[in-house]
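S.K.: What follows is each chain in one-letter form.
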Amino acid sequence: MQGVRIDLISEERLAQMPSMEKIRLILDNVREGTIVILESGLSPDEQSTLIEMTMQEIFPDQFSGIEIETYPSKQRGSGVLSRLMRGENETRRLTVIGPANQLKMIRKDRGLISAWVSGR
Amino acid sequence: MGISQTLSRILSTLFQSRTARIGIYGPPNAGKTTLANRIAHDWSGSVIGTTSEVPHETRRAARTGNITITGSNGRSITIDIVDTPGVTTRVDYKEFLEYGIEREEAIIRAREATEGVAEAMHWLREDIDGVIYMIDATLDPFAQVNIMMIGIIESRKLPVIIAANKIDLPDAAPQRIRNAFPQHPVVPVSCLDGTQIENLYEEMIRYFR
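Those protein sequences? They're chains A and B, same order as listed.
Okay, so the first sequence: first residue is 1 according to my numbering, each after it adds one.
Okay, so the second sequence: first residue is 1 according to my numbering, each after it adds one.
Rather than coming from a laboratory, the hints here were simulated on the basis of the structure.
Glycine is no exception: its CB is placed at the ideal position from the N, C-alpha and C atoms.
Errors might be hidden in some of the hints.
Stated by the list, open to error - Calculated from the model, a selection of chain A residues having no Cβ within reach of chain B, i.e. all distances over 10 angstroms: (1) Gly-3; (2) Arg-13; (3) Arg-24.
Unchecked claim - One side of the interface only, derived from the structure: several residues of chain B facing chain A at Cβ under 8 angstroms: (4) Val-87; (5) Thr-89; (6) Arg-90; (7) Ser-155.
Could you build all of it, start to finish, from the sequences and the hints given here?
M.R.: So, in structure tokens, the structure goes:
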């Protein structure tokens, strides 16, 4: 049977994994054509590292990078207090990651991610 | 030289802070180098980099030092401007073929682009004190790279001004960007023709001082 593999990783499992293990797991799976869904997403530092490591692994005709989708962070105010608190209460939200050539975003807003997944 | 003057000079040397480095970040083709060139042209008479419709024209970060920007009320800031490669999570050399670039050259360009993205992230982690984040106002502001980068910048507690660029185009909708990122100042601007660029300068003086 042909199809696309989807791995859904729970918040509990993610919480037990060091950052680099998480990123390695994501990239290894996505490079194999798997769609990875993280219940609680990645921290900003992990996202930054994921971008860097993705760039290092791009190779012509084999891997062109990742498509990653998550909801926008929850709105905070624009007042002085909010600016002082910036980054203190980071929110991790459900995140979908897949190969750039297989996962395409159709529509997205604050509460909806609509994506198209194709086979390899 | 008196003791107090000597002490003052030593203390000044010890605690002298370097010029703030303001990074221009954003996805490819948002107008980062166009803004960097406009700032450099308006305030130092120089040019930082070349621009092109082909994505990833800027593949190395470029710093221009000691640019003094003066506002309408006489206040000023002196900063270094760092023009960075466009940030993305994908680079496919085949995209460059559509612009008439040969395969071999496209592959080299793609490799340089991936190195440039990693370099931009390094700068953000180590050497940037404030950010002008460029968004093309004709496009969807909820693009994932915008959400991720704004989150990363916030987590580093860096001051950020969002430049809603390309307001000279009929499809530009800077209000969508304000709605998407209400927690940050958003300045509609056209870096190409200079429309409202003075508003961005005033905001930079106010926000990066």
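S.K.: So, for every hint listed, does it hold in this structure?
M.R.: Against the structure, the hints:
For A/Gly-3, the requirement that its beta carbon stay farther than 10 angstroms from each beta carbon of chain B is met, with the minimum near 23 angstroms. Residue placement check: A/Arg-13 keeps its beta carbon more than 10 angstroms from all beta carbons of chain B (closest about 22 angstroms). With a minimum CB-CB distance of about 16 angstroms to chain B, A/Arg-24 clears the 10 angstroms threshold, and the non-interface call stands. With its C-beta approaching chain A no nearer than about 7 angstroms, B/Val-87 sits inside the 8 angstroms limit, and its interface hint holds.
For B/Thr-89, the interface hint holds, since its Cβ comes within 8 angstroms of a Cβ in chain A; the closest pair sits about 5 angstroms apart. At about 3 angstroms, the closest approach between the beta carbon of B/Arg-90 and any beta carbon in chain A falls short of 8 angstroms, and the interface hint on this residue holds. With its C-beta approaching chain A no nearer than about 4 angstroms, B/Ser-155 sits inside the 8 angstroms limit, and its interface hint holds.
Of the numbered hints given earlier, the model fails none.
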